[in-house]
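Asks: Work the whole structure out from these sequences, hints included.
Single-letter residue listing:
Number of protein chains: 2
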Amino acid sequence: MGFCGVPGHEFVGTVTDGPKHLEGKRVVGEINFSCERCEFCHRDLRRHCAARKVMGILDADGVFAEYVAVPVANLHLVPEKLADEEAVFTEPLAAAFEILEQVQLEPGDEVLVLGDGKLGLLCAQALKLTGADVTVVGKHAEKLKLLKRSLIRTALLDEWKVRQFDFVVEATGSADGFQLAMGAVRPRGTLILKSTVASKHHVPLAPLVINEITVLGSRCGPFAPALEALEKRMVSVLPLIEKEYALSQGLDAVAHAGRSGARKILLRP
Amino acid sequence: MGFCGVPGHEFVGTVTDGPKHLEGKRVVGEINFSCERCEFCHRDLRRHCAARKVMGILDADGVFAEYVAVPVANLHLVPEKLADEEAVFTEPLAAAFEILEQVQLEPGDEVLVLGDGKLGLLCAQALKLTGADVTVVGKHAEKLKLLKRSLIRTALLDEWKVRQFDFVVEATGSADGFQLAMGAVRPRGTLILKSTVASKHHVPLAPLVINEITVLGSRCGPFAPALEALEKRMVSVLPLIEKEYALSQGLDAVAHAGRSGARKILLRP
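For the record, the sequence lines run as chains A and B. Counting the first sequence from 1 gives a position; our numbering is that position plus 131. Counting the second sequence from 1 gives a position; our numbering is that position plus 131.
None of these hints come from the bench; they were simulated from the model. Treat the hints with caution; some may be incorrect.
If chains are identical, the list can't say which one is meant, so a pair holds when it fits in one copy or spans any two.
Stated by the list, open to error - In the SDA-like style, the derived pairs of lysine to any residue whose C-alpha atoms are separated by at most 25 angstroms in a straight line are:
#, residue 1, residue 2
1, Lys-184, Pro-318
2, Lys-292, Asn-205
3, Lys-279, Val-158
4, Lys-212, Val-201
5, Lys-292, Arg-183
Replies: What follows is the structure in structure tokens.
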């Protein structure tokens, strides 16, 4: 987005200035700041507001800071029993739950999640809650191992033999992911795109028509089910954390987060 | 598909050899010959049969011939009141009706059809039956004029100012169509792909994710509603015909059909 400003859009914080009923309370916050005036806001599609600002991404400073300003309407109270280290996953977990707003999964449906990054592992756990038969294919044995105690199947990409699934979630974050995903979705199946890879893809679209594939773009999601899943311990997020840095060590933290295979890095002001 | 054989997959014919109740009857026929044994056939997805032959396209000779062999299960009787010149549109009109199997259009939904070829004009008419607000954008004034007596809006591409629609049907048959279509679909809108352009596209997929677009591949469709629409004169197909050739003039006919702006060319054995 060519953004210039304070980055960061996943946070948990304490309200220091705002409505009395929120002051001193722990909150998480939705990242799309909507105008409440445009056609999309009126149609209850605020996350697609045509004039939106997006925290740390578009026209609004983000959360790699001691303080951040967030519209009251975007805030959600954090249940007491949730640790900061769990609540901070609400935003990416909501993005995983967005898939369940878009498609109806049935127990036994075969679902493939491509990518074992943070988003891939969260998507797999959210989708598994439907009783679907979920497989995650990734490049990092140590990340796939994090799913060991779940009922989610895992495979290393190099050792995996492509087969066809009812639903494929593309969460690789790489330019090759789309092509790989197209090869793994059955005729009349659904391919859910989670990666916002900026480069142009060389995509043959004819197979999409011939096999009548549905491709769904999927971005930010609803916070309420994500918070509920965290509170009820229906998903496991603490093993996804690699290290916590002080905000003053922010540059080291960003460098660490950029290492291949790194899990979630947290910053604490 | 690298097909080598007799081309052609849109036809109306008379049964000369087959079950007694069909002999001498006029029929049209579905083009996917399914195996009846694979997983897709068992799931009632015969048009996606993994071992299918496709008339004039894949492993089965087509209809640019005096005689063609078609499985009995693929045949549909042609109502008496339909002329050959109307019935021959059943297959492409069925492909247009396939869209209505895939999406639910409501009266007032804003629908854009990109492309004023035969398929574009048929799609526009089929979709208009839902009461949706349909606009066709194309390159040929004389083709767009064919829709004059319908309630379908038309515009020439060069004079058209892009705006956003709830549904966009890409029926240009050209490699640029996808990009154009992406620019004309609103956030959370649906883009229906009808063109099977063989070349690879350079497609930026990030906007698809950010705007949560649904992309639907759409191919062959159901014959029954197409035949009914033809019989009840709910769509107008005769103006789409440009010329009829004898089969012996087939090469001239194919050359004519390939001219820019040509409407439907018919062959009669």
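Asks: To test your reading of the hints: which numbers does this structure violate?
Replies: 2, 3
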